[in-house]
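J.: Chains as they are written, first to last, in my numbering: chain B, 1 to 114; chain G, 115 to 227.
In short, the hints are calculated from the structure, not lab data.
One side of the interface only, derived from the structure: several residues of chain B facing chain G at Cβ under 7 Å:
1) Leu-45
2) Tyr-48
3) Leu-90
4) Gly-102
5) Tyr-103
6) Phe-105
7) Gly-106
8) Ser-107
9) Gly-108
The C-beta atom is built at its ideal place from N, Cα and C for all residues, glycine as well.
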Amino acid sequence: DGGITQSPKYLFRKEGQNVTLSCEQNLNHDAMYWYRQDPGQGLRLIYYSQIVNDFQKGDIAEGYSVSREKKESFPLTVTSAQKNPTAFYLCASSRSGQGANGYTFGSGTRLTVV
Amino acid sequence: GNSVTQMEGPVTLSEEAFLTINCTYTATGYPSLFWYVQYPGEGLQLLLKATKADDKGSNKGFEATYRKETTSFHLEKGSVQVSDSAVYFCALTLNQAGTALIFGKGTTLSVSS
Chain B
1 DGGITQSPKY
11 LFRKEGQNVT
21 LSCEQNLNHD
31 AMYWYRQDPG
41 QGLRLIYYSQ
51 IVNDFQKGDI
61 AEGYSVSREK
71 KESFPLTVTS
81 AQKNPTAFYL
91 CASSRSGQGA
101 NGYTFGSGTR
111 LTVV
Chain G
115 GNSVTQMEGP
125 VTLSEEAFLT
135 INCTYTATGY
145 PSLFWYVQYP
155 GEGLQLLLKA
165 TKADDKGSNK
175 GFEATYRKET
185 TSFHLEKGSV
195 QVSDSAVYFC
205 ALTLNQAGTA
215 LIFGKGTTLS
225 VSS
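Build out the structure end to end from the sequences listed, making use of the hints.
T.: Structural data, given as structure tokens:
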């Protein structure tokens, strides 16, 4: 079955370390997105990519980086510059950058800084 | 700017009660509107959508009508079940290249038997 796979489901990071969250989709979708979810704040857009080798900053890109070398993959790196990285991270994809058909979401990665 | 405002929760109901979760939006242009549902520890699932004014989206007994005159997209269900307990997100997209879904803050629904 087609879908989006995020890994790992739980991730622990020491302060000062970079960590990379994986997101892979086999839906042949062009566009991919990373959101951060915090209690009571809904979903906030970190980065998005509409085509391979291109991506744009979202509302809260500081302290994060991404790459889009393959259509299927959109990894997110949480750098040591991110002041408060503990959160639930959700990856999504859509057929086109317009998103009119809605997004398909992965099951998320919960990152905790220890 | 473009934004979505949802009623604050939590919403607590007994089984078989009527549900309304209010959602209003601000948008430049003509957005498509969505309701997503999130069960504990999971990602979001698309519940229903509407792409133009007066469209009604429906799924699993849930309904929402795109009201351009009141810029609203309220979610309703006639008889909720315990299994409907989840967080519900209203969202919009501007249907333009270079834009992404904009979400409300979510409303937690808790249904007891």
